[in-house]
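A.B. asks: Between the sequences and the hints, there should be enough to build the whole structure, so can you do that?
Chains A and B supply the protein sequences, listed in that same order.
Just so you know, the first sequence maps onto residues 2 to 144 in the working numbering.
Just so you know, the second sequence maps onto residues 63 to 317 in the working numbering.
Derived Cβ-Cβ restraints for the label pairs, each shown as a range: (1) A/I11 to B/D202: 45 to 53 Å; (2) B/K123 to A/A131: 51 to 59 Å; (3) B/F125 to A/G88: 45 to 53 Å.
Just so you know, the hints here were simulated from the structure itself, not pulled from any lab data.
Computed from a prediction, not measured in an experiment: that's the story for all the values here.
Every residue gets a Cβ at the ideal spot worked out from N, C-alpha and C, and that includes glycine.
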Amino acid sequence: MTEDEHREGIKGMANPGRYGIERIAYLLMRLTGLGLLGYFIAHVYETSNILRGRMGWDDFLAMTQTTEGHIFLVLVIGMCVFHTGNGIRIMLGHGGVGVGAPARPDYPYQPASQNYRHKIGIYSSIVLAAVAMMYGMAVMFGE
Amino acid sequence: MAQVSSIADEQASTPLSSPKSILLRISKFNPKLDESSKFMEFTVSYQKWTTVLEAILDVKKHFDHSVAVRYSCRQATCGSCGMMINGKPKLACFTKISELDSDVVTVEPMNNFPVIRDLTVGFEKLFEKHQKIQPYLIRDDSELESDEREFLQSPQEVEQYIQFANCIKCGLCNSACPTMATDSSFVGPQALAQAYRYVADSRDKGKDTRLNIIDESHGIWRCHFAGSCSQVCPKGVDPAMGIQFLRGYLLGFRS
Chain A
2 MTEDEHREGI KGMANPGRYG IERIAYLLMR LTGLGLLGYF IAHVYETSNI LRGRMGWDDF
62 LAMTQTTEGH IFLVLVIGMC VFHTGNGIRI MLGHGGVGVG APARPDYPYQ PASQNYRHKI
122 GIYSSIVLAA VAMMYGMAVM FGE
Chain B
63 MAQVSSIADE QASTPLSSPK SILLRISKFN PKLDESSKFM EFTVSYQKWT TVLEAILDVK
123 KHFDHSVAVR YSCRQATCGS CGMMINGKPK LACFTKISEL DSDVVTVEPM NNFPVIRDLT
183 VGFEKLFEKH QKIQPYLIRD DSELESDERE FLQSPQEVEQ YIQFANCIKC GLCNSACPTM
243 ATDSSFVGPQ ALAQAYRYVA DSRDKGKDTR LNIIDESHGI WRCHFAGSCS QVCPKGVDPA
303 MGIQFLRGYL LGFRS
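C.D. replies: Below, the structure written as structure tokens:
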């Protein structure tokens, strides 16, 4: 520790254990966003292999037909579904939708913005992502 | 007389809960002398109503008078005694040891604030950002010039902002905010909630001025609605709600 701002840094940002499901959703949103960005870059690289002709394209595509490739794609499906579902929840919240209305607070001060609608949105996004991943696994590993 | 006697009898027969004890771990750090923080450990007895602040003051009185802690009102009104208590920002005067449900209580200085010494942090930036959003009514005339002598508001108009006027500037929200943990320039939930407090006030005419102040790269757009600020607020201010409403103005959802 030094005589600076005493910031928690990435460690504090990434610590989801202290503030409930909303903070876990915040962390998952960041992680899935970074994951999808990585996938997007990899996808651009992958599709650029078409410039190497049919052989080059088939060779590269064969990588996604392996067990590791399938696991990677299942993760991408999960990240995509969670990021979309939770993203819609957050966009609505950012517009002031579903965050409650100002009112005189009564002890013990339950924050209206952390209400059941948003919690349902978070849990739904997680469940939808899990279902989509299971469906993806059934399709890719099923036969 | 008989009634007084019965009250006295009742009080005499009410058993006091037997004192228990906890291990109180206090972070000790002087940035001018020390390289890193260390923890001093004290065994402190407590009753079910004992607050963390009282336990710290007990340590100061009986064990180590050098522990630096800032406090004043002891009733969650002055906003002085914010600190990390078992990993979460709380007011020490508003947190009972019994409700922590732990045999070990660890107190540290609040995150995202410069440490002055031990449990005391500097609020200069907090107040600087609070001032930045112009926390006062902006209008051309004044109540002294008005014929009505005061700017009247309906109860509904008061409801729009009164929750946000409860802010005691304790800094707990800024300490819990994940964006504040990494971005020293972020204006922070405390100042943003106060910006909404004045924007929502029907007497105020400075909405556009304030929205311009917070509409910057380290302003309102850095909030990602994690909601931790609202969860730790000891006065029920709910900064996350105010910030989303402010963003609604900027995005055109509100007018």
